[in-house]
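Colleague: Kindly produce the complete structure, drawing on both the sequences and the hints.
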Amino acid sequence: MSTNTPNQTRSGLEKFWDNLRALPNYFRNAAFRTGAPNTDRTRSSFVFGNVFLHLHSVRTHLWSLKWTTTMGLGIATTAAFLITLVTGVLLMFYYKPYPDVAYLSMKDIHFIVPTGRFIRNIHRWAANIMVVTVILHMARAFYTASYRKPREFNWLMGIALLAITLGMSFTGYLLPWDQLAYWAITIGANIAQSPRELTDALSITQYFDPGGLIRLLLLGSDNVGPEALIRFYLLHIMILPLMLGILMGIHFWRIRKDGGLARPVDADARLGILPTTSYPVFTQAPAKTYQLAAIVRGRTPTVGRGPEATVPSMPHLFYAELAVLMFTVFLCVALALISDAPLKELANPSVPENPAKAPWYFLGLQELVSFSAFMGGIGVPTIVMIGLGLIPFLDREENGTGEWFGGTGGLPVVKRAIAIGLAVPIFIETIAIRFGWIREWFPQSPQIIVTLINPATLLTLAYALYSIYLVKRYNSTRAGALGLFTCFLCGFLVLTIIGTYLRGPNWVFYWSPADWPKH
Amino acid sequence: MTTNSQKSRLDPEPIARRDFLGLSALFAAASTLLFALIGMLRLPKTSVLSSPAKKFPVVLPDSLAAGEAFVPPGRAVALFRDDKGVHAVSTICTHLGCVVKNNPEGFECPCHGSRFSTDGTVTKGPAPQPLPWLKVTRNGDKWVVDEGATVPKGTKAI
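In order, the protein sequences belong to chains A and B.
Numbering (this note's numbering) for the first sequence: 1094 to 1612.
Numbering (this note's numbering) for the second sequence: 4 to 161.
Hints are computed from structural coordinates only; laboratory data are not their basis.
Careful: at least some of the hints might be erroneous.
Sample of chain A residues facing chain B (criterion: CB under 10 Å; computed from the structure) [stated by the list, open to error]:
| no. | residue |
| --- | --- |
| 1 | Gly1313 |
| 2 | Pro1442 |
| 3 | Val1462 |
Below, computed lysine-lysine pairings styled on DSS-like, alpha-carbon distance capped at 25 Å [claimed, not checked]:
| no. | chain 1 | residue 1 | chain 2 | residue 2 |
| --- | --- | --- | --- | --- |
| 4 | B | Lys58 | B | Lys145 |
| 5 | A | Lys1189 | B | Lys48 |
| 6 | A | Lys1565 | A | Lys1242 |
| 7 | A | Lys1437 | B | Lys104 |
| 8 | B | Lys87 | B | Lys145 |
| 9 | B | Lys104 | A | Lys1450 |
| 10 | B | Lys57 | B | Lys156 |
| 11 | B | Lys159 | B | Lys138 |
| 12 | B | Lys104 | B | Lys58 |
| 13 | B | Lys145 | B | Lys159 |
| 14 | B | Lys104 | B | Lys138 |
| 15 | B | Lys127 | A | Lys1450 |
Quick look at which bits of chain A chain B covers, simulated, 3 or more residues with Cβ under 8 Å [said to hold, decoys possible]:
| no. | stretch |
| --- | --- |
| 16 | 1276-1286 |
| 17 | 1535-1543 |
| 18 | 1589-1603 |
Every residue gets a Cβ at the ideal spot worked out from N, C-alpha and C, and that includes glycine.
Modeller: Structure, rendered in C-alpha cells:
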C-alpha cells in the first residue's frame, strides 16, 4: 500500500507503522516548534520560543554587531565562565576537600587521571582569562559611557559580577592545598581580619570586632585547616557560582530591557547604507510586530517605520557570539597545552612560602597591603568599589554615550590621565622602596598614623584630587570620571607589575627574579 | 478647590483596608524570612574551634644559651632562657599571620618584610602590633606554653 491512501481506509497497525516512520519528524516538530529559522517570522520565533535565547532581543541593532562596539568581551567572559563550569565539574570527579588528602588528589589529577592535567590547565587558564576579560569588559563599558541612564543598574550588576569573579578565583586558589595555596589564604583571611588594625588602634576590638567575625566565618576556626578548606570548596563550587549565575541572568536580561547595547543617538546615520546581506524588517507583511513582544525604553518610539538598522539576532548575533565562544575555547586549550598550572609542595603551616604571593590580579593589592593591611586590603578596595558604583549616578551627562572615549574631555583627558596615573604610583613606590616609610623614619609613630598615611591612601588621595581638578577644569563630571577610572587602571597596572616581578623574598625589592638570593 | 487644596502634600494618604492587610502580610513574610536568615547564619559561626590544643609542653635543651631562641618543631613559638627565667614569644606575624623567622637581631617576616626585635617590638614594616609574649608555666622539668594566653612583655617564668 502506498502512503497516500486516505487514513480512514488504513488499519490500526498501518497507522501505527506510519507514525513510527514519521517519529523523527514528529519528535523534531515537538522539540523545535517553529521550524527552520529562514524567514523573519521563524527567526523571531526561534529566539523568543527558546528559554535561553530569549534573553536576547529578536532583532539586533547593527551598531551592536560592530566589532569595535564591544570587542566581544562580555561574551568572552561568559564563555570563559562556561569553560570553568564544565572543566570544574570534571575535576570534582577526583578532588577531595580535606587537608593533605586534597593535595594527594591534586597529584592524582596531575599525574594519573587521564587528561586530568590538561583539564586542570584549561580550568586555570579559563579562570585567568575570565578575570582579564571581566576587567576589560568593564573598561569598555566605562570608556563608551554605556553605564549611563537607563543602564545604571546593570553597571552595578557588572560590579557585583566583577567582585564574585575575583571571589571565585580566590577561593579556587586554596583548593590544591599546596604551599602557595595555604599561605595565600592565610594572608587573605588575615586581610579579612584587618579591620582589627583600626579597631585595635581605637581600642574597641573587644566590643566591636567585624574583622574577627569575618575571619571566623571564612575559616570556621582560628587557623587555616579542614574547616577552612571545606568552606572555600563550598564557596567555590556552589555558593559563588550560583550567585554568579543568577546575577548573569539579570545582567543579560537587563541589556535587552534597557534597549540593547548603548549606541550614539545618530548611530543609524553613521552606519550609512545597510548591507544587502541584512534582512530588512517589513519585507513580508508581518503577522504581528515584534515590538509587542519587547517593549523597551527609548527616547523615540518607532512609530510608522521599521527599525531599519536592525537585523535578526538569528543568525547575525548568535553566530558572532558562537565565534567568540570558539575563540575563547581555542585560547584556553592552546594556553593549557603550552603552560601547566603550578602545584608546589604540600602545605606546611610552620614554614611560609617565601615570597608568598597571591594570584597575579591581587598582587597590586598585596603591594599596598605591605604598608597597611587594612588600608591596602579593605579600605582602598572598598573606596574604589563604591566610587565605581557611584559613577553612573554622578555622571548624568548625555553627550558621547556609546562612543569610545565619548563625552566631555574625551581621549585627550584619558591620555593625560595615563601619564598621571602611571607617574604618581611610580613616584610614591620609589620613595617607599628607596627611603622606607613612616616607621623607618619615626619608629615611635602610633599605628593609626601608619594606617592613615601610607602609599595606598596617598595614591587614592592624589587620584581623587586630580579627578576633582578635571571636573572643575572641564566643568564636567564625565571628564573627572574618565580621569579617575584611567588613573585607577594605571595604578592597578603599576602595582601589579611591582608585586609580580619586582618583589622577592621577604617582599624586598629586586630588579629581576634572577637577583633573588638562593636559599 | 475644596478639601484637597487645604490638605498639605505632606499629609499621609489614607490607606485602603485591603492595602493595609496586604502590606501587613508582606511585612510579616519579610520579617519571618529575615529572622530565618539570621538563624541560618548562626550555623556557620563556629562555637567550638577545631584547631589543635593551644597548650603544649616543651623540654628546653641544656645547651640553650641566653638570647638564643628555641623553636619547638611544628609550633609558631620561640622560647628564650636567661638567668631571670624563661619566656615565649609568638612567631605569628601580627600583620597577616605568616610565621616569622628568628635571626640574631630578632625576627623577620618573609611575607611583607616586617622586622621585630628579640622582645617582639616592631622595628620595620607594616606589622601593627608587637609580637605577643605567651604564658609559660613550669611543670617539673617541662615548660608549658599556652598559645591562647598572652602576658605583658617582660614576664618570665622561673
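Colleague: So, against the hints stated earlier in the document, which numbers end up violated here?
Modeller: none
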